[in-house]
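J.: These protein sequence lines map, in sequence, to chains A and B.
Here the first sequence stands for residues 25 to 533, where the numbers follow the working numbering.
Here the second sequence stands for residues 15 to 338, where the numbers follow the working numbering.
Please keep in mind that the hints were generated in silico from the structure rather than gathered at the bench.
Be careful, since some hints might not be right.
[Stated by the list, open to error] The calculated lysine to any residue pairs, modelled on SDA-like cross-linking and capped at a C-alpha distance of 20 angstroms, are: (1) A/K295 to B/V325; (2) B/K328 to A/Q173; (3) A/K143 to B/R192.
[What the hints assert, rightly or not] Which residues of chain B face chain A? A partial, calculated answer using Cβ under 8 angstroms: (4) S157; (5) F195; (6) I214; (7) A217; (8) D249.
Don't be surprised by glycine CBs; every beta carbon is placed ideally from N, CA and C.
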Amino acid sequence: MNKGETALELRGIDKRFGAVHANRAVSFSVRRGTIHGLIGENGAGKSTLMNIVYGFHPADAGELLVDGRAVAIRSPQDAIAAGIGMVHQHFMLVPNFTVLENLILGAEGGWRLAAGRAKARAAMERIEREHGLSVPLDAVVEDLPVGIQQRVEILKALNRGAEILILDEPTAVLTPQETSQLFELLRRLRDQGRTIILVTHKLKEIMAVTDNVTVMRQGAVVAGVATAATSPQALADEMVGRAVSLEVAKGPAAPGVPLLSVRDLAVRDRKGVPRVKGVSFEVRAGEIVGIAGVAGNGQSELLEAIAGLVEPERGEISVSGRPVNGLDPRERRALGLAHIPEDRLRMGVVAAFPARDNAILGYHDRAGYNRGPFTRPARISGDCARKMSDWDVRPPAPGLRMSLFSGGNQQKLVLAREIDSNPVVLLIGQPTRGVDIGAIEFIHRRLVALRDAGKALLLVSVELDEILGLADRILVMAGGEIVGELSAAEASEEKLGLMMAGIGKAAHG
Amino acid sequence: METYTLIILLLAATIRVATPLVLAALGGLFSERAGVIALGLEGMMLGAAFASAAVAAVSGSAWLGLGAGMAAGVALALLIAVACVTFRGNQVVAAMAVNIVVAGICPMLGLAWFDLGGQTPQLSNPGQRFAEIILPGAHAARSVPVPGLLYAELVSGHSLLVYLAAAIVPAGAWVLYRTRFGLRLRAVGEDPEAVETAGISVAAIRFQAVVISGLLSGIAGTYLATAASSGFARDMTAGKGYLALAAMIFGKWRPFPTLGACLLFAFTDALASRLEGVPLPVVGVIPVQFIVALPYALTVLLLAGFVGKAVAPKSIGVPYAKDK
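With the sequences and hints as input, model every part of the structure.
T.: Given below as structure tokens:
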């Protein structure tokens, strides 16, 4: 194989999906033996581009060069043959297969499995020695933690001879510790001469691990620099196309009376597994309390129990001093408890309905939207248009189907709907999941404004930066319990990371 | 002794009734493990029954009839595969369309070709049917009381297709769990995207799986028309395709439990035909309608309550599209 300087070069890649111009004449090259970052907001065309490189979509125009030679990649099979491997954001593993079965899928080495299995086992042991990557070969994938599943994905690519490894948002599901382990591994692979393309929207990761970075905006490459020669602020400005503020501007909190109080709350899931194990805390007027934790440690169940979506096993919840146990979500809403659910598409909106209907979802029975048994379409549309202009939802089209809005704009409309009802307590799950930087800045500013207006905000987020930036007080959840509390001033990513992993339990208060 | 003979005969009947179920259910298993709903078993069986009976009647050869039955099954399977895999159509609609069209077109063709009210001519010549095979020593064994009767009636004396059905279950299990094709097929049924990413064509695997279901349903239909009876009659599958599907679900999409479910359903069916007109203690003579309904009632009960946690292949019924 010709070992030139350039491992992968893209020349004029262009792709349209109907009216959407996903990639506009994208050209850049990736040097062999480097970690190359590809950064951009959601919808900037990063994933589309990588799916073209991996043969999932054909490009409308442009060419790909691997090792300086033009290659036609029409299917993942071609990509694998060209030495390209990809680790997708959503793992491409068959959940009820064993690790070994997943590793050999597509490279079985013969029509009978027995021989291929033995060969793969030997190959894995070799890779394990070379890279220090170990996985339990006979475990069923769905029983493994996500960090290990990701390792299986990387091994799968290596097993098939990948020289160029693409990772699409690999850290979305990892704890800070797992993330640093992953980066350690990527550096090791780079030092062995492999080429790595890291697709992400997180500036910090680009700064931490990449050698070069390409920035995409609206389908086009807008910058390509050596990482050492740039800064997070410069990259953020390039991504958004204007100067953005990465810091959340806020003054000190002035907490008042407790508006939400939770005492000894315990929740079991449908299978009877305890998810929240006796949690107590208060959220006072004029403060934002953040709940930090690795996804799946009871935060979701806690939010759902407070919102009235699941019946807690025990414990008391009160809003403005009134117990709300036993009340359904609508009755709780009437008491001033608004909820922005974590899973926006599943619980926050009806994606197939137009924006105007989504803008009153849950409040549709209020006077003003109805006359007798009939709805008042003009009123509802007008109301939606007002919310849209107030929250800068784009495009401001009340009749447009919800699924056609970007994640950030969907979220803004959900926030507009919940906050328009003038709640006293606001529960917010993952406020900026799938939301681009420009919109994040806007949403954060509005949340701080709500706090300053004397509302009580309970914020659950897996993004530590978001918790650190917004919260006045931080509760750390691990294994269904609150394992520690930190004030905004004393919190740091390292401290939170250790507490989230269940190490270094801090004293309360 | 009397009771023993009765039980042996009942079990022998069970095997005969189970044969088309086993063949079709295993075909359905391949289709569903690849993520394509196997509602078309009924239509494929019925089409194969007609094709095999017609060809056997005209050519005088049961073997040509089998070829025609398999070809008909595969042709209908291809139709379903094109609709569901290539054009990503709704799998339930495509399969039901095939079932309905076949139910109408077979008697129509039969009427046009043979003018016997939609039936095919009686297969009365020896070469036209798959006759019972008497294994060596079966006659002699009859004189040996207990094991002899078992050999003569239960092991010996079935059509070739019965033995084929018996062999196809372990063979199918081997293919499914021990070969590359089986691994890919099971993976497609669970997570087609993962398979595509691994550089394997999801469409190709699903096509092959549906064709296998057509091939096996074709043999099942041939058995109905040229071994279990002598000729094609209107609607002669009478829901056996759906029963095979139910057996496969009851067997949790696994070959040997599916075989067990087919045998159970067949046993109730065999028992039902023995019970017709026989006065039972306490209840007396049970009306024939109740008895005929027994296997189906059992199916509903079993599927509703006793299957336990049956985990279907995750991608079942979902057309796979690369661009979403």
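J.: Next, verify each hint and record whether it holds.
T.: Now for the hints, and whether the structure bears them out:
The suggested pairing of A/K295 with B/V325 holds, with an alpha-carbon distance near 16 angstroms, which does not exceed 20 angstroms. The suggested pairing of B/K328 with A/Q173 holds, with an alpha-carbon distance near 19 angstroms, which does not exceed 20 angstroms. Between A/K143 and B/R192 the CA atoms are separated by roughly 15 angstroms; this keeps the pair inside 20 angstroms, and the hint holds. The beta carbon of B/S157 is not positioned within 8 angstroms of any beta carbon in chain A (closest approach about 46 angstroms), and the interface hint is therefore violated.
Evaluation of the B/F195 hint against chain A yields a held restraint, the C-beta minimum of about 7 angstroms falling below 8 angstroms. Hint on B/I214 holds. Least Cβ distance to chain A is approximately 5 angstroms, under the 8 angstroms limit. The interface hint given for B/A217 is broken, as the beta carbon of that residue sits about 11 angstroms from the closest beta carbon of chain A, more than 8 angstroms. Evaluation of the B/D249 hint against chain A yields a violated restraint, the C-beta minimum of about 39 angstroms exceeding 8 angstroms.
Checked against the numbered hints above, the structure violates hints 4, 7, 8; every other hint is satisfied.
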